[in-house]
Structure formats: C-alpha cells, structure tokens
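J.: Numbering (this note's numbering), first residue to last: 1 to 531.
Hints may contain errors.
Claimed, not checked - Derived lysine-lysine pairs resembling DSSO-like cross-links, with alpha carbons at most 30 Å apart: (1) K522 x K322; (2) K322 x K376; (3) K376 x K152; (4) K228 x K478; (5) K415 x K322; (6) K478 x K152; (7) K376 x K478; (8) K406 x K152; (9) K305 x K71; (10) K406 x K305; (11) K71 x K81; (12) K415 x K81; (13) K71 x K511; (14) K415 x K478; (15) K253 x K228; (16) K187 x K71; (17) K406 x K81; (18) K81 x K322; (19) K228 x K522; (20) K228 x K406; (21) K152 x K322; (22) K81 x K228; (23) K71 x K406; (24) K517 x K376; (25) K81 x K187; (26) K81 x K305; (27) K376 x K187.
Said to hold, decoys possible - Label pairs and their calculated CB-CB ranges: (28) E335 x W282: 13 to 23 Å; (29) W77 x L472: 46 to 56 Å; (30) F76 x K253: 24 to 34 Å; (31) N510 x Y413: 51 to 61 Å; (32) L459 x D194: 32 to 42 Å; (33) W282 x D113: 26 to 36 Å; (34) G190 x L498: 12 to 22 Å.
Think of the hints as simulated: they come from the structure by calculation, not from any bench.
For glycine and all other residues, C-beta sits at the position ideal for the given N, C-alpha and C.
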Amino acid sequence: NLSLLLYLLFFVSFQFRLFTFQNLQNLYTFSTNTYCYPAMPSKEDSPLGEANHPLLEHHSLKDERDEQDQKLLPRFWIESKKLWHIVGPTIFSRIASYSMLVINQAFAGHLGDLELGAISIAQTVVVGFNFGLMLGMASALETLCGQAFGAKKYYMLGVYLQRSWIVLFICCILLLPLYLFASPVLKLLGQPDDLAELTGTVSMWLIPVHFAFAFQFPLQRFLQCQLKTAPIAWVSLVALLVHVFVSWLFMFKLEFGVIGAAAAISISWWVLTLGLFGYSVWGGCPQTWAGFSVEAFSGLWEFLKLSAASGVMLCLENWYYKILIVMTGNLDNAEIAVDALSICMSINSLELMIPLAFFAATGVRVANELGAGNGKGAKFATTVSVVTSVIIGLFFSMLILILHDKIGYIFSYSKPVLDEVNNLSLLLAFTILLNSVQPILSGVAVGSGWQSYVAYINLGCYYIIGLPLGILMGWVFKVGVMGIWAGMIFGGTATQTLILSIITIRCNWNKEAEIAKLRMTKWANPKHELN
C-alpha cells in the first residue's frame with residue numbers, strides 16, 4: 001500500500017506539472033489569436049450581455065469554414081489543442097479523486113486487516129455500486145449541456161444542471177437502503193460477521209459521500225461542457241490536500257480509527273462539491289448560470305429517461321469487471337488468482353484515468369460541434385480523439401509487455417503472485433489497448449445522445465456474449481483466470497468496441513447535427529414533441 005501511495009503521489013505531481021504547463025501554453029495561444037472554438041457568439045449575440053467567454057472570443061463562422069479548408073496536419077493540431085484543453089485537467093481531477101480512495105485504504109491498512117477489509121468493501125462494493133450509476137446518470141448533461149453550449153443556448157445549461165440535481169438527489173434517496181442495510185446483505189453473501197458489521201458501520205459514515213455525488217457529478221459536467229476545466233483541477237487539488245491532512249488528523253492524531261477514514265473522505269468530497277458549486281454560482285459562469293429557476297421542475301420525466309439510459313449504459317460496463325473479480329474468487333486456489341487479477345485491475349484502473357478523460361473530452365467536443373450544426377467538425381473531433389488515445393494506449397501496452405515480469409513488484413513480493421501477474425500481462429496489455437478505443441466511442445455516443453442504444457449493445461455484448469464465454473473458458477475448458485478474463489474481453493469488450501466502431505463509421509453526421517438542433521428545441525420547451 002505504501003509503495004502504491006508513493007507511486008500515485010508521484011504520478012499526481014507529474015500530472016499537475018503537466019497540467020500547469022499546458023495551461024501556460026494555452027494562455028500564450030489565446031494571446032496570439034490562434035485558439036478557436038465552434039460557433040461562438042459575438043458580443044452582440046451574447047444572450048446575457050456578457051463580453052464573451054475568454055476562451056471563445058476569437059471564433060466566428062468564417063473561422064470554422066477556414067478551419068475546415070485547412071490541410072489535415074494544421075487541422076489536427078488545432079483540434080488536438082481543443083481536446084487537450086479538456087483532457088489534461090480531467091486526467092488530473094480523476095487521479096485526485098482516485099487517490100483519495102487509495103490513501104484511505106493505505107491509512108486503514110495500518111490499523112489492521114479487519115479495518116482494511118471494511119473500508120475496502122465499503123468503498124469498492126457499497127459506494128462503487130452507487131458511484132457508477134450516479135456518474136452515468138450525470139452523463140446526460142454531456143449530451144444536453146454540450147449541445148446547448150454549441151447552439152449558444154447558454155441559459156439552458158443552468159436549467160439542465162438544476163434538473164440533474166433534482167433527478168440525482170431523488171435517486172440518492174432511493175439508493176439509501178444499500179447503505180442502511182449493508183451489514184445484513186454482506187452476511188447474506190457469506191462475509192464474516194465481524195467484517196460485515198464493521199463494513200455496515202463504515203457505510204453509514206459514507207452516506208454524505210453518496211449525496212455529494214448528486215451535486216458534484218452534474219457540476220463537473222456543467223463546467224466541462226463550457227470548457228471550464230481548469231477550476232475542476234484546482235478544486236480537486238485542494239480537496240486532495242484536505243483529504244491527506246484530515247485523514248492523518250482523524251485516524252492517527254485523534255484516533256478515530258476506520259470511522260475517521262470514512263469521515264475524512266466525506267469531508268473531502270464535500271470540499272470538492274462546494275468548491276465547484278461556489279465557482280459556478282458566484283461569478284465563474286455568468287453566461288450559463290442565471291440563478292435558480294422554476295423551469296428546472298419542468299420536463300423532469302424526459303430528463304429522467306435520458307439520465308437512466310446514461311446510468312444503465314455506464315453501469316453495465318462498470319459492473320462487468322467487478323463480476324470478473326467475483327467469478328475469479330470461485331476458482332480452485334483462488335487466493336493467488338484473485339491477488340494477481342486485483343493487481344492487474346489496479347494497474348488497468350490507474351491507466352484508465354486517461355481514456356476516461358478522453359471519454360469526457362470527446363463527449364464535450366462532439367456535443368459542442370453537433371449543437372453548433374457542424375457535423376463535419378464532430379466527425380473530425382472523433383477521429384482526432386481516437387487516434388490520439390490509441391497512440392497513448394499503444395505506448396502503455398508496450399510498456400506492460402516490456403516490464404511484464406516487473407510490474408507486480410509495485411504491489412507484492414510474493415513469488416506465486418508475481419508469476420501469475422506475469423502470465424496475465426499479455427491480457428492486461430490487450431485490455432489497455434482496447435480501452436484506448438472503447439471509452440472514446442462511448443464518449444461519441446454520449447455527445448450524440450445515443451445512450452439508450454448503447455445500453456442495449458452493452459447488455460448484449462457483456463452479459464449475453466462475454467459473461468457466458470468467460471464461464472465456458474474458465475470452468476468448462478479449465479483455463480482458469482486467464483480463460484475468464486480472455487472470454488470476457490474478447491467476447492464482451494472487443495465485440496462492443498467493434499459494433500460501436502461500425503456505428504460511428506457509418507454515422508451520417510449532418511443528420512446528427514439536425515437531430516441535435518431538434519433536441520435543443522424540444523428540451524428548451526418540454527411540451528414540444530420531437531418526431
């Protein structure tokens with residue numbers, strides 16, 4: 001745990017320096033009038049009389065046409081700058097959030113095995129189940145806010161944000177029993193009584209984190225869709241520093257034990273939430289936040305349906321890999337297999353912060369371009385994002401293959417576990433490469449509003465093809481953990497990626513731009529029917 005913590009802190013500091021350098025570059029670029037965004041308003045067009053967003057003030061429709069007429073390499077460079085303006089801070093903020101969980105587990109590990117088990121189960125199972133659903137439901141804003149921003153309907157971004165708060169808050173209340181009855185459920189699943197009881201107590205103290213999700217996730221997407229990503233990174237840094245200090249204070253100075261760990265992460269998440277709320281409401285978003293509005297209570301049913309589709313789409317992916325670990329635990333001599341797979345999943349989860357940042361950035365870029373009526377721009381943004389992410393994925397895949405017999409030392413010195421990690425390294429490398437494409441295509445789906453279709457695709461690929469194939473290879477053909485993982489990857493993730501690739505390649509982007517225009521009309525006036 002200590003080695004992992006040091007590694008993460010080094011990686012976080014590196015990403016922060018990278019983020020700061022990129023922002024300095026962007027500031028220079030803005031000053032030379034070379035940074036442009038799709039379909040931005042002039043001073044006369046600004047609906048709230050603002051003097052323009054500082055990142056958007058040099059764009060016009062003529063700039064857009066000139067940009068499309070440029071040669072491929074200059075266009076690729078311009079689009080890459082737009083993409084990395086979102087990706088860089090998003091990577092940092094995701095790593096900061098991930099580091100909070102790792103720090104909690106590292107500190108709890110010094111209290112005892114029971115405490116480590118309780119905080120791990122509470123965070124990964126109880127909170128993890130709700131995290132995926134809430135994060136997915138908030139992704140509806142990437143479609144609506146992203147397209148509204150591209151269409152210059154700035155006022156509606158604030159309305160959509162408030163609708164998302166209402167829907168996610170109600171969802172939080174409905175999901176509360178998972179926290180309140182965590183102990184009996186874990187006992188029913190066969191966990192030891194002492195572990196189940198302590199996990200239930202920790203889960204109760206994590207309820208504030210649960211409600212923070214309902215506000216923090218929509219705020220993050222609200223800011224991302226209008227290209228205000230730097231504040232997210234800065235607030236995430238503050239929350240991470242607060243978490244380190246409060247964790248040390250509660251767990252070691254005041255000796256609150258594992259309850260202190262749960263209280264610390266609850267405080268840290270609300271620092272993050274209130275920081276983003278304060279920035280958004282008190283002057284950070286003058287064009288898109290005009291105060292609380294009763295319009296937020298209209299069209300909630302339609303908003304709920306889109307949010308639910310987004311939540312199901314992401315949850316089906318998130319739960320898929322949790323099922324992989326559970327299935328591995330039922331193998332013969334499962335302890336070594338589970339340890340090795342957990343190490344591989346930890347490495348994969350850390351690297352996945354990059355593709356997930358591209359997922360968010362691609363959704364925003366595609367939604368902005370479609371909202372602006374620029375179908376060709378959305379297509380080109382997709383191409384640039386996929387190419388860039390694949391190059392990064394190839395680099396990390398090659399790194400895993402080169403260090404196949406050494407990567408396990410970050411987590412363990414056990415010879416059997418290290419040997420098993422070595423055996424799984426090829427699958428890990430392929431998973432990382434595949435994950436450099438799949439989240440980006442999911443981001444295209446979110447930016448285009450295809451969530452309901454992708455939810456069906458995920459259900460079919462993951463649970464009708466991938467899961468049975470993993471069971472077949474793992475138990476029937478006796479291939480063990482490699483068989484389960486290979487079956488679920490090739491049968492599920494690879495199939496889903498192939499289908500999404502075909503859909504994206506065959507997409508009529510001009511038609512999607514028209515659909516986005518109709519969607520903005522419908523959501524601006526919920527009584528209007530979209531045919």
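J.: Cβ-Cβ distance between F76 and K253: within 24 to 34 Å?
T.: 52 Å, violated
J.: Just tell me: holds or violated, for the beta carbon distance of G190 and L498 against 12 to 22 Å?
T.: The hint (12 to 22 Å, Cβ to Cβ) is violated, given that G190 and L498 are roughly 37 Å apart.
J.: Run the distance test for K376 versus K152: straight-line Cα separation, threshold 30 Å.
T.: Within the cut-off at roughly 18 Å; holds.
J.: Measure nothing beyond the straight line between the CA atoms of K478 and K152; if it is 30 Å or shorter, mark the hint as holding.
T.: 58 Å, violated
J.: Mind checking the alpha carbons of K81 and K322 for me, to see if they're no more than 30 Å apart?
T.: Between K81 and K322 the Cα gap is close to 35 Å, so the pair fails against 30 Å, i.e. violated.
J.: Keeping to a limit of 30 Å between CA atoms, is the pair of K322 and K376 held or broken?
T.: 38 Å, violated
J.: Straight-line Cα separation of K81 and K228 no greater than 30 Å?
T.: Distance ~14 Å between K81 and K228 Cα, so the pair holds.
J.: Between K152 and K322, does the CA-CA distance stay at or below 30 Å?
T.: Cα-Cα ~40 Å, so violated.
J.: Is the Cα-Cα distance between K187 and K71 30 Å or less?
T.: At roughly 63 Å apart (the allowed maximum being 30 Å), K71 and K187 break the hint.
J.: Could you grab the alpha-carbon distance between K71 and K406 and see if it respects the 30 Å cut-off?
T.: 44 Å, violated
J.: Take the C-alpha atoms of K406 and K152, compute the straight-line distance between them, and say whether it is at most 30 Å.
T.: Measuring from Cα to Cα gives roughly 51 Å; hence the hint is violated.
J.: Given the proposed pairing of K415 with K478, does the C-alpha separation stay at or below 30 Å?
T.: 23 Å, holds
The structure fails hints 1, 2, 4, 6, 7, 8, 9, 10, 12, 15, 16, 17, 18, 20, 21, 23, 25, 26, 27, 28, 30, 33, 34 (numbered hints given earlier, in ascending order).
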